[in-house]
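Asker: Residues per chain, in single letters:
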Amino acid sequence: MTDNDRSDAEPGFPYTRRDALAVLTTGLLGLRASGTAAADHDASHEHDEDAPSLTRLATMAAGSEVTGLFVTRQGDLFVNQQDPSDDNPAPFDRGAIGVVDGLDTRELPEEFPSQPVPEGAERRRVQTVRGDYRVLANGGDPVTNGTGGERLGVAYSVDGDPMTTGQDADFNGFVPGDDPDTGYLFTNYESKPGMVSRLTLRRRDGRWRVVASRNLGFRAEDVQGTWHNCFGTVSPWGTPLSAEEYDSYAAAWYQSAEAREAAGYDDPEIYRAYLGYWGNPYRYGYVVEVEQPTSDDPTPKKRYAMGSCAPENAVVMPDERTVYFGDDGSGTTFYKFVADEPRDLTSGTLSAAKAIQEPGRDAASVGFALEWIELAHGHEEQVESWVAEYDRQEPGPTADYVTPAEVAAWAAGDAPDDRAAFLETRLAATMTGATAEFNKMEGVNVRPDAEPGDYLYVAMSTIEGTMSDDAGDIRVSENGDGIVYRLQLDEDFDVDWMEPAVVGGPDANVCGGCPYDASPAAGSEVCRDCPYNPGNADDGDGLMGTDPLTTDSTAVDRRNAISHPDNVVVMADGRVLIGEDNGHQNDMLWVYNPGRDVDG
Amino acid sequence: MAGLGLTLPTFPTSAAAPPKPDTFDGPVGVHHAFGPVPSTDLNVGFSGGAAAVARVEYSPDESLTQTATAEPLPLPGEELVAYRAALRELTPGETYHVQAFLDGERSPIFEVSTAPADATSFTVTAWGDHGVEDPRNDYKRGSEQAGPNRELAASLDPDVHLGIGDISYADGYPYTWDRYFDAHESFFGNTVQMTVPGNHELEPGQGFAQYDGRLNALMPTGGDRFDHRWYEFRYGNTQFVGLNTAFDACPLVNEEGNEYITRDADDTYCPGEFSTAIHARQYRFLERTLAVADADPRVTWIVCYHHSPVWTSGNHPPRRGIRESWGRLYDEYDVDLVLTGHNHSYERSLPIRNESPGAHGTTYVVNGTGGTSHYGFDTEEPPRWTVVRNNEHYGVTALDVTEHRLDVSYITLDGTVLDEFAVLKDEFGRPTQADAGVPLRVTDGSRSQGADAFTGGQTARIELTVNANTPVSAVRDALPPGWRPIAGDHVASEGNEDGGQHVFFEPAPDTFQALTYFAEAPSGPDATGRYEFGPTVARTPSSDWVRVPSTTETAVVAGPSTEVRR
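Quick mapping for you: the protein sequence lines, in order, are chains A and B. Everything in the first sequence is counted per the numbering used here, starting at 1 for the first residue and increasing by one. Everything in the second sequence is counted per the numbering used here, starting at 601 for the first residue and increasing by one.
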């Protein structure tokens, strides 16, 4: 089923892999930069200790996806459990914000035994191979600054009734306090209405403790609530960047009550209850920056000039101007925003990617050249004023919104202003020729202080639908377990090539987590076809050696490869944490080591 | 104690024969301390001749219907006997009438109160180096102000008084102890006094014997009076810890081969086997006490007190070894306040953590102005960590404890409040100071802008640092005309009188600030020229702007078509 034979190259494909950039690669682990992780190995099944590897760091409690992955500069790892099974024992039965005590990610050896796949009662708890997972707070706990019984992560109607449960903790963003033992942990709640909370943390006896907790306020007139806050990052200047995964569109918002009911579409009612008035469909789908995060008044600001889509998260490059963000959903787009000034996301140029697939169809190996199509340059004040024109409209035929025809007119250069580019960003991108075919584009991340030559990683949770059909720019084979792609940064922190780095499921290009990582004598037959399994190295004790099991196997055990990658965090040393969403029976947290360039 | 190197001393042969002591007919020098549970336990001490019947009579009203036997504690070199009575199962927050009884002789009736069960608002007074006038004692220095200071403390009506070492300055003459309690009975008879020993409690020929019998025996040390001289008690929302810094004074050996304490032993420390063992025990006690207090939800504040200071710029140097050991515990457990004496001066530190001053940490206060002389300071200028210091007054340190703040003042005999500050908890639960009165001194600063020449329109990255004696919460930089701030840590900018821009920062309060912002150079045909940056200024919430040293800089802008010459 695969087709990665270069001889099939279609004539005229004008792009080459960007091997030339290998010279830009910097030290760190000496991570390899040349070629691609996916296509450059042969099938010899001989483990190469310099080759990429994958190690299972943790497994979640039943029902919970891996969310909130965040690594601090001091090596702390925060992990959340989102919506776990009620049948789990406390505190694994409720959505929670957690930390792995006793783990310093900076001290993680290059190779270490994987956390085994949990069995029996282990399935009901978070299991970590290093350190101990500890719940810092559960969604729904009383907040410490509340006066009226307010609860953590819960959004309240204008009448004060709880509208959400706080069980869906997602992104964590840690902002350091004034010394290494203090800080603030911001947490997203992927609900409608959404919410962001802040825990004030202090480390005593080596363990982070919660000294205060609060929810942020989203009722300002230029905010009007928030939406399904999923993943995020902390900007290089220390502000949390939340993201509103917004999957609505204005026509549906304004249809009649009967039509909404028939379609089972109740978003406008939710936001009416929240706001006390009819909301505005153009108030959502933005990157939300929390200004003054360490103050008594952390203030969420929607970065209107970055456009509205369903951003899973945005990540700012070390130039403090270039920002990448994906678009969750099916048939979506990859975006770049370049701020006019460093540290200021209120004005800049918004672009969308046009993907040009290299020859071949094998999702596990085929990459895409990216061309950036500039949509528009925007100032927040201007875009927000356009948005405000649609505030407080009742649904019905008289409601005004940006119609597809108006977006088309804008794309044709016939619009009086650029509002279409910012208010209907995905449609505007599509109409200007950008690729709107990505599928479940999730976390995008780069290592702190990344330099040209380093990689940006982006998770595509499943490869199917618009990516795997026979139409459009992207036509690769299906992979229901998903792929983490990588994009090498050039001198300007630009990217123009996307290629598979970690392939999930039976087509995995790297797998790990085999029991014999930890127990060489176990004799398990799982993961037989993992040529890059870190456990296969001959360490001289004769037990691992050239394991015959690895030379004559025929299939990858799915449990030893990633599935449904979602949260992606690149650590300072270049290794990548990959969290799963609804991939395995117990979702897994992996450490992907891209290996090193043995010649370099 | 045998084997630890110090035996109970005998009189040194060098000590002069003591003059005839005071004679007292009945019980004298009534004074009190809390027993193990301050809300229900009081210990009453007094002295007098040997008696067949010794007791304390007490009751909430004046009926004095309850009695407690007084146990005699013989004092070396004294005709008088120290007595100790334990009053137990008292009512919390109750004022008791108390009278000492010795073979038919009675003291006046005094009134003393137990601690309320859950006090969140109360007053504490404290001093070190108090003393009493006693012209018969050759060694006594003038303590003329000990009486007036006692009256000042009494006027503040404290719920507890802390006597932080160097209490009577008897210095080997026990009758001065009798004089001390007699002279100050009007205060100590009506107020609980909790004490720790100072170096003068280690007396020539006596060792700690007098202190042990008269005071340590009343303290809730949890053991025999010679067991140790440290203890803890919780008063409402505050954990108090009394510690002994005189454990390691050098004993000498007299002609009979007995060890004793010389008058000159002051500030001479012998890190020998004995003191090491004592120190280890006391350290374990402190660590355990602080850990329990830290975990106790009833405890908001932790106040430690010991005689010798660990942060002082007075003539007696700080006890650095103790600073290194106990200081780590003070840091770890967020001790709010450490009260000391020994240097006859007043000095208050900035919050100190990890042995350096900052926005949060433990506040150290020296008050050795209880009533006996003044000492000088070791440095002409106050050190950076010193907020206030003074050696011209006698006075009382007063703590007004409430739920959310610990207000501290230093009140002198003429009624002047020479220092006033509050200890608060910051958002992380760390102790910090709220201070309305510290004059801001900016000790150091810097400016870096990457280059001294720019092309028109180029962006300069400007980095500023500020070092101050007290936390700075606002900083303002000055950009020359034509330059504009474009991004960074600043919160606002506005045109100034020089035609340039003031750039405002509002960082989290700290004594050290590092701030970064970006500014764009002017461009166009008129932009070429020389530009003056700064100076930067800084302020606290209560101060005016104070100039930051080393923050002026000159830069050249060359228009886009001009080649930059350096």
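Read the hints as simulated data drawn from the structure, not as lab findings. Being a predicted model, the structure only gives us computed values, none of them experimental. All residues carry an ideal CB built from backbone N, CA and C; glycine is no exception. Any given hint could turn out to be false.
[What the hints assert, rightly or not] Pair by pair, the computed Cβ-Cβ distance ranges are:
1. R204/A - H1004/B: 16 to 24 Å
2. D161/A - A1092/B: 47 to 55 Å
3. A891/B - Y277/A: 23 to 31 Å
4. G149/A - E1027/B: 16 to 24 Å
5. P636/B - E119/A: 51 to 59 Å
6. A1108/B - E451/A: 29 to 37 Å
7. W1145/B - E451/A: 46 to 54 Å
[Unchecked claim] Pairs of lysine to any residue residues, derived as SDA-like cross-links and limited to a Cα-Cα distance of at most 20 Å, are as follows:
8. K301/A - A251/A
9. K1025/B - T144/A
10. K1025/B - P342/A
11. K1025/B - D297/A
Asker: Evaluate each hint against the coordinates.
Answerer: Structure-based check of all given hints:
no., hint, in the structure
1, R204/A - H1004/B: 16 to 24 Å, "holds, 21 Å"
2, D161/A - A1092/B: 47 to 55 Å, "violated, 39 Å"
3, A891/B - Y277/A: 23 to 31 Å, "violated, 54 Å"
4, G149/A - E1027/B: 16 to 24 Å, "holds, 22 Å"
5, P636/B - E119/A: 51 to 59 Å, "holds, 54 Å"
6, A1108/B - E451/A: 29 to 37 Å, "holds, 30 Å"
7, W1145/B - E451/A: 46 to 54 Å, "violated, 41 Å"
8, K301/A - A251/A, "violated, 25 Å"
9, K1025/B - T144/A, "holds, 15 Å"
10, K1025/B - P342/A, "violated, 36 Å"
11, K1025/B - D297/A, "holds, 18 Å"
Checked against the numbered hints above, the structure violates hints 2, 3, 7, 8 and 10; every other hint is satisfied.
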